[in-house]
Amino acid sequence: MDIRIQIVAIVGAGGLLLAILELVRRRKLLERYALLWLFSGVVLLALAAWRGALEELAQLVGIAYPPNALFFVAFAFVLLLLLHFSVAVSRLTDQTKVLAQRLALLEERVGPARAAGAVDDTALPELEARESVTSGSG
Amino acid sequence: MASARTALAVVPAYNESATIEGVIRSLRVHAPQFDVLVIDDSSTDDTSRLARAAGARVVRPPFNLGIGGAVQTGFVYALEAGYDLMVQVDGDGQHDPKELSKLLDTMAPGVDMVCGSRFLTKGGYLAPISRRAGIHVFAWLLSRFIGQPVTDPTSGFRLYNRRAIKLFANDYPHDYPEVEAVLMLHHHELTMCEVEVHMFQRGGGSSSISSGKSAYYMVKVLLALFIGLARKRPIITAGDKAPVSAGARL
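First to last, the sequence lines map onto chains U and V.
Numbering-wise, the working numbering puts 133 at position 123 of the first sequence, and it's gapless, one number per residue.
Numbering-wise, the working numbering puts 1611 at position 114 of the second sequence, and it's gapless, one number per residue.
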């Protein structure tokens, strides 16, 4: 295996690891989402640095040129991460929907004008009138 | 005991219908000065109804937030309602409200958080050996990080003063928050101390930390601890110690 591709792979995986840790430190990335990234980075770095393991792996799955096995593993992790994010996005979509529904129902209960802020003074008498109506009915 | 101070007991609960009534009743008997707020983390059972029937106020987020988000809801409530003290008592019945008085007696000026510990004396608590080993690893690390012995950093039986309430209402860790919270407290130059308590085995329901998740728990908390060490120190507010002493120039 060419030493150049090994150096590129080590620098790339090492840079990825550092970037992930720095993002977590700056709180741009939650630990919850960083762990799979970190695992990917550590495995890629280990395979890049430890030739024997990479060659063994290449032979096991029938890849003639060992660096291709590294790309294969990296691609597998990318797919895994994408799936992980699709699951996360789906959960967030559902939660946003529930939040929007709860908020809309709450606004309806509070009264539309007050929920919107009612900063306009001229809107106040109307608001008070509407409130007295709702409190009268409730 | 300073009776003029207002106090809130926050009870995070997820599917705790077996124990929640007992916890609230016990709080009302043994700690009547505490208002009780149950954070029902979108349980699928009767937790909310039972808690209300037992006389607690109930806040129910529209979906499950996890223990960190649920407890932080309590901090925000305590902050906005102007409470001077807040205690966290888990809804699963492992914390004994009778022992709240010990936490209250330990709360003093200059102490921002009192933590109930199971491990201040040996042999007090019999958890599975793997769980105890994990707790002791965290305890050992934290003790070195903050330069003060911490014996039970995963205990959620904690009493907070107004300063700690403000800090955690603003910023509280997401998953498995207890261990990181101790480090945050230290970084913000707040102080904690521990007091010995006894805890019961869970009365029902299931722990938020199943055996399958415990490996994730260990890794996540270790990562958070070490990265927490590298985080920037917080903004210093008036009256706090300055990070760089201005006195050196005089």
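Calculated directly from the structure, the hints in this document are not laboratory data.
Every residue, glycine too, gets a C-beta built ideally from N, C-alpha and C.
Misleading hints may appear alongside valid ones.
What the hints assert, rightly or not - Computed Cβ-Cβ distance ranges for the label pairs, DEER-style:
1) V:Thr1541 x U:Arg119: 42 to 50 Å
2) U:Leu33 x V:Pro1529: 24 to 32 Å
3) V:His1695 x U:Glu32: 38 to 46 Å
4) V:Gln1698 x U:Gly72: 33 to 41 Å
5) V:Lys1710 x U:Gly25: 28 to 36 Å
6) V:Thr1541 x U:Leu109: 44 to 52 Å
7) V:Trp1637 x U:Val18: 15 to 23 Å
8) U:Arg119 x V:Val1608: 19 to 27 Å
9) U:Gln69 x V:Pro1646: 34 to 42 Å
10) V:Glu1693 x U:Gln69: 44 to 52 Å
11) U:Leu89 x V:Glu1693: 28 to 36 Å
12) U:Leu102 x V:Phe1723: 37 to 45 Å
13) V:Ser1711 x U:Leu89: 49 to 57 Å
Do the hints match the structure? See the list:
Range check, V:Thr1541 to U:Arg119: about 24 Å between beta-carbon atoms, so the 42 to 50 Å window is missed. A hinted range of 24 to 32 Å for the beta carbons of U:Leu33 and V:Pro1529 is inconsistent with their spacing of about 48 Å. The beta-carbon spacing between V:His1695 and U:Glu32, approximately 43 Å, falls within the hinted interval of 38 to 46 Å. For V:Gln1698 and U:Gly72, the Cβ-Cβ distance of about 53 Å falls outside the hinted range of 33 to 41 Å, so the restraint is violated.
One distance hint, 28 to 36 Å for the beta-carbon pair V:Lys1710 and U:Gly25, holds here, with the actual separation near 31 Å. Separation of V:Thr1541 from U:Leu109 is about 19 Å and departs from the stated range, judged on CB atoms against 44 to 52 Å. For the pair V:Trp1637 and U:Val18, the supplied restraint of 15 to 23 Å is violated, since their beta-carbon distance comes to about 40 Å. Checking the proposed 19 to 27 Å range against U:Arg119 and V:Val1608 shows it is violated: the Cβ atoms sit about 42 Å from each other.
For the hinted restraint 34 to 42 Å between U:Gln69 and V:Pro1646, the CB-CB distance of approximately 53 Å leaves it violated. With their beta carbons about 59 Å apart, V:Glu1693 and U:Gln69 fall outside the hinted range of 44 to 52 Å. Under the hint 28 to 36 Å, the C-beta atoms of U:Leu89 and V:Glu1693, about 51 Å apart, miss the expected range. For the pair U:Leu102 and V:Phe1723, the supplied restraint of 37 to 45 Å is violated, since their beta-carbon distance comes to about 28 Å.
Separated by about 27 Å at the C-beta atoms, V:Ser1711 and U:Leu89 break the suggested range of 49 to 57 Å.
Checked against the numbered hints above, the structure violates hints 1, 2, 4, 6, 7, 8, 9, 10, 11, 12 and 13; every other hint is satisfied.
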